[in-house]
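Student: Chains as they are written, first to last, in my numbering: chain X, 13 to 320; chain Y, 6 to 494; chain U, 331 to 621.
Just so you know, the hints here were simulated from the structure itself, not pulled from any lab data. Hints should not be assumed to be uniformly reliable.
Stated by the list, open to error - Below, in silico cross-link-like pairs of lysine to any residue (SDA-like), each with a Cα-Cα straight-line distance of 20 angstroms or less: (1) Lys420(U) to Leu315(Y); (2) Lys213(X) to Leu315(Y); (3) Lys420(U) to Arg100(Y); (4) Lys420(U) to Pro147(Y).
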Amino acid sequence: MKNLLHSPALYIAIVVTAIAALLPLWLDAYLLGILTVAYYFGVFSMAWDLLFGFAGEVNFGPTFLIGLGAYTAAILDNQFGPPIFVCVLAGAVVAVLGGLLLAVPALRLSGPYFGLVTLVAVLLLQNAIVIFAHWTGGEIGMTVPDVLSIDANENYWYALVFLVVSAVLLFGLSRSAVGLILQASGQDRIEAQALGFNVTKHKIAAFCVSALFSGVAGAMLIFYMGTASVDTVIDISIGVQVIIAAVLGGRRTILGAALGSIFLILATEFLRPLGQLNTFVVSAVALAVILFFPDGLLGYVLRAGERE
Amino acid sequence: MNAPVRLRVEHLNKRYGGLVAVKDISLELRAGEIVGLIGPNGSGKSTVMKLVMGIEPSSGGTIALDGDDITRWPSHRVARAGVGIVFQHSRPLHRQTVLENIKLALLPDSLLRLFAGRDVDTRARAIADRVGLSAVLNRRPPTLPFADLRRMEMAKAIARDPKVVLVDEPFAGLTLSEVATFSDLIRGFRDEGRAVLLVDHNVKSVAALVDRVFAMYLGERIAEGTAEEVMRDPTVRRVYLGGEIVASQKRSAAGTAKPPLLEVKDVSVLYGKAQALDNVSIHVGEGEFVSIVGLNGAGKTTLFNAMSGLVPYSGTITFGGQDLSRLTAGGIARAGLVQCPEGRELFGDMSVEENLDLGGQHLTAARRHEQLDWLLEMFPILRERRTQAARTLSGGEQQMLAIARALMMDPKLLILDEPTLGLAPVILEQLGRALERLRETSPITVVLGEQNVTFALPHADRVYVLEHARIAWEGDPQRFASEMGTGYL
Amino acid sequence: MVGLQILIDGFAISSLYALGAMGFTLIFGVSGVLNLSHGGIMAIAAVIGWLAAGDLGFGVYLGTLVGVAAGLVASYVTYFIVILPIQRSKAIPRDETEIFILTGTLLWGIMIQVGLAYLFTDNPVTMRPLIDGVTYIAGVRVPKNEIMIAIICWIVIGLLWLLVNKTPAGKRLLAASINPRGLTLLGFDLSRIYFFVWGIYGVLAGVAGVLLASFLGVSSASAGQLTASAFSIVVLGGLGSVSGSLVAAYVVGYLETITAYLIAPTLRPIPALLLLVLVIYVRPQGILGRR
Numbered sequence: 013m014k015n016l017l018h019s020p021a022l023y024i025a026i027v028v029t030a031i032a033a034l035l036p037l038w039l040d041a042y043l044l045g046i047l048t049v050a051y052y053f054g055v056f057s058m059a060w061d062l063l064f065g066f067a068g069e070v071n072f073g074p075t076f077l078i079g080l081g082a083y084t085a086a087i088l089d090n091q092f093g094p095p096i097f098v099c100v101l102a103g104a105v106v107a108v109l110g111g112l113l114l115a116v117p118a119l120r121l122s123g124p125y126f127g128l129v130t131l132v133a134v135l136l137l138q139n140a141i142v143i144f145a146h147w148t149g150g151e152i153g154m155t156v157p158d159v160l161s162i163d164a165n166e167n168y169w170y171a172l173v174f175l176v177v178s179a180v181l182l183f184g185l186s187r188s189a190v191g192l193i194l195q196a197s198g199q200d201r202i203e204a205q206a207l208g209f210n211v212t213k214h215k216i217a218a219f220c221v222s223a224l225f226s227g228v229a230g231a232m233l234i235f236y237m238g239t240a241s242v243d244t245v246i247d248i249s250i251g252v253q254v255i256i257a258a259v260l261g262g263r264r265t266i267l268g269a270a271l272g273s274i275f276l277i278l279a280t281e282f283l284r285p286l287g288q289l290n291t292f293v294v295s296a297v298a299l300a301v302i303l304f305f306p307d308g309l310l311g312y313v314l315r316a317g318e319r320e
Numbered sequence: 006m007n008a009p010v011r012l013r014v015e016h017l018n019k020r021y022g023g024l025v026a027v028k029d030i031s032l033e034l035r036a037g038e039i040v041g042l043i044g045p046n047g048s049g050k051s052t053v054m055k056l057v058m059g060i061e062p063s064s065g066g067t068i069a070l071d072g073d074d075i076t077r078w079p080s081h082r083v084a085r086a087g088v089g090i091v092f093q094h095s096r097p098l099h100r101q102t103v104l105e106n107i108k109l110a111l112l113p114d115s116l117l118r119l120f121a122g123r124d125v126d127t128r129a130r131a132i133a134d135r136v137g138l139s140a141v142l143n144r145r146p147p148t149l150p151f152a153d154l155r156r157m158e159m160a161k162a163i164a165r166d167p168k169v170v171l172v173d174e175p176f177a178g179l180t181l182s183e184v185a186t187f188s189d190l191i192r193g194f195r196d197e198g199r200a201v202l203l204v205d206h207n208v209k210s211v212a213a214l215v216d217r218v219f220a221m222y223l224g225e226r227i228a229e230g231t232a233e234e235v236m237r238d239p240t241v242r243r244v245y246l247g248g249e250i251v252a253s254q255k256r257s258a259a260g261t262a263k264p265p266l267l268e269v270k271d272v273s274v275l276y277g278k279a280q281a282l283d284n285v286s287i288h289v290g291e292g293e294f295v296s297i298v299g300l301n302g303a304g305k306t307t308l309f310n311a312m313s314g315l316v317p318y319s320g321t322i323t324f325g326g327q328d329l330s331r332l333t334a335g336g337i338a339r340a341g342l343v344q345c346p347e348g349r350e351l352f353g354d355m356s357v358e359e360n361l362d363l364g365g366q367h368l369t370a371a372r373r374h375e376q377l378d379w380l381l382e383m384f385p386i387l388r389e390r391r392t393q394a395a396r397t398l399s400g401g402e403q404q405m406l407a408i409a410r411a412l413m414m415d416p417k418l419l420i421l422d423e424p425t426l427g428l429a430p431v432i433l434e435q436l437g438r439a440l441e442r443l444r445e446t447s448p449i450t451v452v453l454g455e456q457n458v459t460f461a462l463p464h465a466d467r468v469y470v471l472e473h474a475r476i477a478w479e480g481d482p483q484r485f486a487s488e489m490g491t492g493y494l
Numbered sequence: 331m332v333g334l335q336i337l338i339d340g341f342a343i344s345s346l347y348a349l350g351a352m353g354f355t356l357i358f359g360v361s362g363v364l365n366l367s368h369g370g371i372m373a374i375a376a377v378i379g380w381l382a383a384g385d386l387g388f389g390v391y392l393g394t395l396v397g398v399a400a401g402l403v404a405s406y407v408t409y410f411i412v413i414l415p416i417q418r419s420k421a422i423p424r425d426e427t428e429i430f431i432l433t434g435t436l437l438w439g440i441m442i443q444v445g446l447a448y449l450f451t452d453n454p455v456t457m458r459p460l461i462d463g464v465t466y467i468a469g470v471r472v473p474k475n476e477i478m479i480a481i482i483c484w485i486v487i488g489l490l491w492l493l494v495n496k497t498p499a500g501k502r503l504l505a506a507s508i509n510p511r512g513l514t515l516l517g518f519d520l521s522r523i524y525f526f527v528w529g530i531y532g533v534l535a536g537v538a539g540v541l542l543a544s545f546l547g548v549s550s551a552s553a554g555q556l557t558a559s560a561f562s563i564v565v566l567g568g569l570g571s572v573s574g575s576l577v578a579a580y581v582v583g584y585l586e587t588i589t590a591y592l593i594a595p596t597l598r599p600i601p602a603l604l605l606l607v608l609v610i611y612v613r614p615q616g617i618l619g620r621r
């Protein structure tokens, strides 16, 4: 704790957050909108990094959890119209249940098998949404009657606050005693158990936390955009973006994942004049980073400190 | 004497499918004593340790800790009940500092405790000080020397003040002075009233440290008593040495006049941080039969892997005048230096014939047929089992197949790594006779790595002894019996 | 008669799936790589083949060959640009190589998808049939092309079987998938083996891609779906087991065809997915998997 207060990184983080909070004074609604989405994606990626970096499980279908949260909230709002936070809460609960569902095979399988389960989960959810189009709007998607706000600035601040709070919680968790146990559980199961830790229990908990944040962020994104569709919250390509952002930013740093997401979305936007090719360029850059800087951007900076 | 029994194991059994790894093992561990559980590779000693720790579930029998039945408990429960384990290979968290690694061992198994108590930090530092890590508390494992990593493993194991400490191969990879320091540490555990179980394959190395020895072979107990008693026990000597060390008929001095076919100069190998080979130099002349004798873990396999180009090394290895570091592993085998490895590395799902065929693919079709005929004559059992899948063969048959397959390559120099491992005496005789015939019918050069001295001596022109990664002795078989004989075990 | 129609159509699509899946599992078994750009390689073969046959005027047969060649080239490019650098990288810890390969090939697959759409088209491309016309089998109307495709698939599968089981080079592949170290000790450099297997894979994926374009049509957008189904089939059959993939391909192919005919075409992929989930929970090593 003492170390944290003395660390320059904390002050940098505070300054960055302050600047971010003031951006609406200078940027137009369009750019603010891009950043708003980027912040929600930041939470997606951080939740993914917690699971990967700390529990050692590679989730190839983060959009399963995100989609559960998003669609639950959307359907609830459409069918019964309770206040937004109730919908978000419901989304969180369903996402956590989904996380538990994923956790069960994860604890018995490893490597490629688990990755496949996560991919299959997404495909199943995608197909389920198409089948139950009456409730979900199918491939076209659905709109929600409520939104967080119609003001771009307000939406931006909602997203920023959410990002910062999530970052503090997730990062704090990663640096806590529980985070240390999680790291051990993910890195060396046998050793962690020989040291007296019930690895299964900790991994399930990690899944649930990851699911919670993914679900809430997914639901909130819906209430920002006012629509929910497969293309925006479930498609595999969205999941890939989440993973790439986390790897790009630096595995096991939590904060790197948020940075990676923001960078990725801003870069895609910036390259929009290239048309379809922007995805190509961003993917190519991400591939290059993976090949040459596997520790990611933030990871590279942090590792430099570790190499003494 | 009257110290309480901390760990009681009764009629412990472990079966892996059809293979019995541990058979009816019963032993007691009292507070304030160090017991050595020894046995060669495959004896089941490490399995016993894993069963006690709950890493694997037992197939039968009971394990009791201070009277409480802990049989089949998951390992985290066993750990919390008061058992600490030091694994053979260090298992640190690479991204955390030494202090954080030790603190981890002190944390409670809680989902909710976000902060470790203040006392955790103090206790962690005290433990680090005890094992000699105070100077490196803020360093990370990748930057630490090997011995410090081992110290950290010890620290983690005793962090929560366990009643029983299990240590697997405590001295592997350590220098002689480090061995002395670690022995003192372990003695310290005993003096604190803990019950210590050391698992090792080498009686000699733990003899000075242990109060009692329990010897195992092929899953069963073969001897129990003080270190001296066990070392003199005839069954134990047979298992380790293969029997009485008899000097054999002296072979005509082959290869000493010619330039060496294989020259290994000052070769060192590091596995991570562990010194697996330390400035080893040997030479083998053309047509010679050289035996390299040493216990498990002495470095024989590492030496052979360096020769075959499978591990990086420093120093030089020349074969037929050629520097082997220029060739790939496949290239070295093609150049005529062929290894029949310790694990045999057969293609289990392929037939005997297919395995042999693969060995002969570098030869012309005609030459391949010749070799095949020659080998099937030397190992008639293979002719019988020609179309069977390799993994359905017995241990001895698999060994013969592995040797035959290596010979299919028509090598100039054949390395045989522990061919007798796990084989019954009857098979050893067959193997020995096959080696005789090989020497008589071909000019091949052979390097044999063996723990079983009785098997290794009769065929050899010269003997090297490899101990703790170094060449400890060199000479001819006659002198071995007289000089090393009794001191070897 | 619907039953016979299902039997025939199912056979054709299953044979195509089999070809793609066998290549996928071969790469995994020998090289240890799960290539998530698999669908992309098939798509490249399909699009280039279509281009060659149509716009470049090579005609259907030559166009098909060009497509297969494109698949081969794409396979090698994938190996040398994405896979090998990751495997050789000293900066990536050993136990994370797999994740990096998965992510890397995923990214590469996306690049292929977008690249194809940009350079050529993202509309589904359909190759003109190799043989025009229809024929009747026991009263069921079957395009001759469909029969031709099934026959070609089986010829290729047969050749693959011959290669692996009867030729020395193929036996080495098999040995490499069982025990790579043992093979090195016998004097074979693994790098050559890998080069060989990626070549075979390129041909298999190329043929599968081009034939699929001829049968159903392939678009750059379907690259992801193709990878997903190959992956599913391979896990169902057992990762690393080529014969397992063959069996699983038929299971999946028929499940899909039956669903499409008897239930609803839109629900086509569902039963296979559900079966996959079941297998993963009950028998994760697949139908014929060993490890």
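Student: Next, verify each hint and record whether it holds.
Tutor: Tested hints:
1. Proximity of Lys420(U) to Leu315(Y) is assessed by CA-CA distance (about 18 angstroms); at most 20 angstroms being required, the pair is judged to hold.
2. Pair hint Lys213(X) plus Leu315(Y) does not hold up; C-alpha atoms about 41 angstroms apart against a cutoff of 20 angstroms.
3. In summary, the hint linking Lys420(U) to Arg100(Y) is supported, as the alpha carbons are separated by about 17 angstroms, within the 20 angstroms threshold.
4. Only pairs whose Cα atoms come within 20 angstroms are accepted, and Lys420(U) paired with Pro147(Y) is accepted, the gap being roughly 14 angstroms.
The structure fails to meet hint 2 from the earlier list, while all remaining hints are met.
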